[in-house]
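Number of protein chains: 2
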Amino acid sequence: MKKTNILQKIHGPADVKGCSMDELKILSEEIRQALIRRVTVTGGHMGSNLGFVEATVALHYVFDSPRDKFVFDVSHQSYTHKILTGRKEGFTEPEKYYAFSGYTTPSESEHDFFKIGHTSTSISLATGLAKGRDLKGGRENIIAVIGDGSMSGGEALEGLNNAAMLNSNLIILFNDNEMSIAKNQGGMYENFRQLRETGGKAENNFFKSFGLDYYYVEEGNEVETLISAFEKVKDTKRPTVVHIHTLKGKGLDWAMQDKEAGHWAMPAAFDLAAFAKMERYETLTADFLLKKMESDPTVIAVSAATPGATGLTQEFRAKAGKQFVDVGIAEEHAVAMISGIAKNGGKPVFEVFSSFLQRTYDQLSQDLAMNKNAATILVFSSGIGGGDCTHNGMYDIALIGSIPNIIGLAPATREEYLAALEWSVEQKNHPVVIRVPKVVISDGKTIAFDDESAVKGKIVKKGSKIAILGLGDALPLAKQAAEALDETVGVNVTVVNPMCFTTLDKDLLDELKKDHDLIATVEDGILDGGFGQKIAAYYGADPVKVLNFGGAKRFNDLVPAADIAVGNHLTAELIAEDIKNHMK
Amino acid sequence: MKKTNILQKIHGPADVKGCSMDELKILSEEIRQALIRRVTVTGGHMGSNLGFVEATVALHYVFDSPRDKFVFDVSHQSYTHKILTGRKEGFTEPEKYYAFSGYTTPSESEHDFFKIGHTSTSISLATGLAKGRDLKGGRENIIAVIGDGSMSGGEALEGLNNAAMLNSNLIILFNDNEMSIAKNQGGMYENFRQLRETGGKAENNFFKSFGLDYYYVEEGNEVETLISAFEKVKDTKRPTVVHIHTLKGKGLDWAMQDKEAGHWAMPAAFDLAAFAKMERYETLTADFLLKKMESDPTVIAVSAATPGATGLTQEFRAKAGKQFVDVGIAEEHAVAMISGIAKNGGKPVFEVFSSFLQRTYDQLSQDLAMNKNAATILVFSSGIGGGDCTHNGMYDIALIGSIPNIIGLAPATREEYLAALEWSVEQKNHPVVIRVPKVVISDGKTIAFDDESAVKGKIVKKGSKIAILGLGDALPLAKQAAEALDETVGVNVTVVNPMCFTTLDKDLLDELKKDHDLIATVEDGILDGGFGQKIAAYYGADPVKVLNFGGAKRFNDLVPAADIAVGNHLTAELIAEDIKNHMK
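Line by line, the protein sequences are chains A and B. Using the UniProt record's numbering, read the first sequence as starting at 1 and increasing by one per residue. Using the UniProt record's numbering, read the second sequence as starting at 1 and increasing by one per residue.
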């Protein structure tokens, strides 16, 4: 038997069903090698996919997709599913490596039911599919696939509790690879360990305590064992958990050895050496915090499962000791917890990705802002960006902008960022959200903020007639647009760094309107509900014209960042042109 | 011993500690009678407070508040705590019945640590207090009090999982009265039942499976038993659950018999007969749904623990059968689930309070909107209103306004509401959020919407120079302001019902600017990020003036609605005056 002849003949799930057990084993190994080759080049979720090859093969062997419906949590483990459902070339043909999303995407295939990129949603979505089926009188199997890391998220736990109330078919395939992105956090993980060590027979069973039927499969990377386990639960009339034990990163030494690093592989073209030398806000922040911690035992850094990606490296964590806490995937808990820490005398700094902060609107409002506790939240990966629409960071300004009491700052330079951070950590009066810029720009001027100066806009360049307000990361663009106008129109354009995006610097705005006819705002975020619209409303009854530049309200999926910029007129030339047209 | 002499001498926790066991029993009964008298007059959370009298007395007897810190979930059971911590007169002196908030409020007392009114937050907040304590090297006890209803919320479950990681003192007092607001929902409640029936020795223990220490106390309304249980766990060095079994509504026959009704008592002055006769959107909706369900088995009504308050009465639920589902306190799950139901052919209608929809920003965005599934969400109790700041409904327009793909409608009349609902349930292309108006206004014109007309603004009165856009509930106010201007300024003011608050009717706006100099927007919601700011931004570069009327960004706590209206210029006279001043 030739080693590569099985994958070659797989064009859809029916071909998987036609394989013998031996062929399925070979197929799994071929898929694993294809994944390693492809993800090494493109980057992507390496560890989670390598661990879930056999289970995916077994799922498609036993169940009948798309009649039977799979819902993949985060869907960062769905590469094998894509290979088996007509999208093989995205993993085997280098010229098509970028043809498909890294997540399930209904527009790609009838085998994908949801666009998914956030964690902990699969059980609830699958429960909905099951309810829909029951209303129509259908009989298909609904299968939610969820990893152990995702299980700590509130939505998943609400889902477990409610799934148990279905008096009908729902299979929750619990893919336990003993890892979240970083180490798992929380009491449930001790229970999962006990379940693994006892072959599912531990004294207390987490899943049974939620009222679910339960099966344990130790050999989560053996396709034949998985097939017989899945056949046993197929067409079950009860919500049932199948707990399988898999090996994250299986087949790739470095990913198995450092599972945190192996979670997400950088593309081969990525210049790690250059990256390591680059000054980055992640490192600046970690250094700042470690220095603070040395002299102040009440400073504490908080992460929700993404410490490494926000600069809280394993080295940082070792040094910080008890002054670091990872809550796992539990952003809601994190925001409430930092409110409590601040209330009881601590100085918490929560580092979070913009897109995941979306989980916490109510906690930001009720647990934190309403109580005015002095916690700091650092928002990473803000901005319109390109990439997958599930991870877009363009909503945070609007999200935070409608919550009273929170001070939202968007520093533009290294010095402003560090001054904002220092001020925020030491002040006692406000919850503060700082939008961390993406590229470090330094003007060398050491500055310090106090309660008053932190929220004031700064005039970067004083001119007249036209003013451009460039918020945070958008300040360089505002400057470039001003330069373009200076040259072509021959006016001296004012440039302002507004700094605070949650309340307006009315003194400055009143000053500006005296000798400016047009005020433009530029922000790296959605227009609707954003900073610019507050400015437009403030000047609503004044003769001064206002133009807002920012992101249109639209989910941009895999649109190149440059195209999004042009589409939104977020280039210096297009901004200058629009302004020029309105000055006529 | 005189029956009323104990409560008289209680001025703070120290006085509780000075009581004998017999006196504590009398005290508990005196408090219970005071609660019944007071809540019967004022309205409020009756059942939860009556069940938690003895436990609160025992807490203050055993622990040393405010050094030891209590965090009450929802804090709707904190009345006895208020009585014992210097706020007795709010419950014993009729003229002071309205002096204190119905929730814990730090500005009232050093014994309250957080303003709390949403569910499922206590464990995370308390974990934060414990972390803060540990950073400072403190030794106080931290006690979270949480009911069984609140335990199903994602934030509480994230909290449980993380609380277990504390290697220090945290006591979770689990107040199990076998009820949420309505019946509890979910698999965990079967486990709680088993724990109650076995005296805490069931085969699987929900709390132990989260890694927490656990004690069971059956006699949750016996003060002496509770004291000895609390003394056992005081100063524990491990996160520990004390599961107590209490009787919701204890001491009040009607509240014990109908626990759902007894959860929240209406004030004595409330005219139930008039209320029953009133035409209300809750009833209109329930009738609409039942009629739909008769002919269409795929229609399903969804609630998250508040069916009664949104008109999905016990009678409705009995009639709807499988076409109704209560997910308990689990709003995140609800939104993901309705996305799944819609994806698999169902027609879900989720009824939710504005304030609780805040829990679901990310689910609205990722699970629902990104997938464009045709689910309907009906938002009740929207608007600036008065009352407690924790339940304010003024944020929903801004919240939803920044999420792509969702169509948000704000009908103003009975006919528009029913047309919007009919259209939403039957269309297949959009997630739709309908802001349910508060007072039924009928113009008798039967109408129907289609995909195009549903989102179009409607000119209510055609004039010139000045136009007022009154969104949904604010339309009557817009009309009154227009009338006031018609009389005093002598112009014929245009009045517009914008209907859709998530996208702008640009044709209409372009038409308006041709013959209007000033356009005012009026909305019953926060200004920041709201509908009016979108209008101001749209006209930013036009000469037309824009004035936005709505709620300032501020937590209004127990401010009378009329004062809030005046403060925000949300009266016909003040709107007319502002407009007049800007027309000069």
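Please keep in mind that the hints were generated in silico from the structure rather than gathered at the bench. Hints are supplied without guarantee of correctness; some may be wrong.
Same chains, same label: a pair holds when it works inside one copy or across any pair of copies.
[Stated by the list, open to error] With a straight-line cut-off of 20 Å between C-alpha atoms, the simulated EDC-like cross-links for lysine to aspartate or glutamate are:
1) K232 <-> D451
2) K136 <-> E426
3) K372 <-> E108
4) K277 <-> D557
Since the structure is predicted, the reported quantities are computational estimates derived from the model, not experimental observations.
Against the structure, the hints come out as follows:
1. K232 <-> D451: neither (64 Å within a copy, 46 Å between copies)
2. K136 <-> E426: Only across copies: K136 and E426 sit 16 Å apart there, 58 Å inside one copy, limit 20 Å.
3. K372 <-> E108: Answer is between: at 15 Å across copies they meet the 20 Å cutoff, but 46 Å inside does not.
4. K277 <-> D557: Neither: 31 Å inside a copy, 51 Å across copies.
The earlier numbered hints that this structure contradicts are 1, 4.
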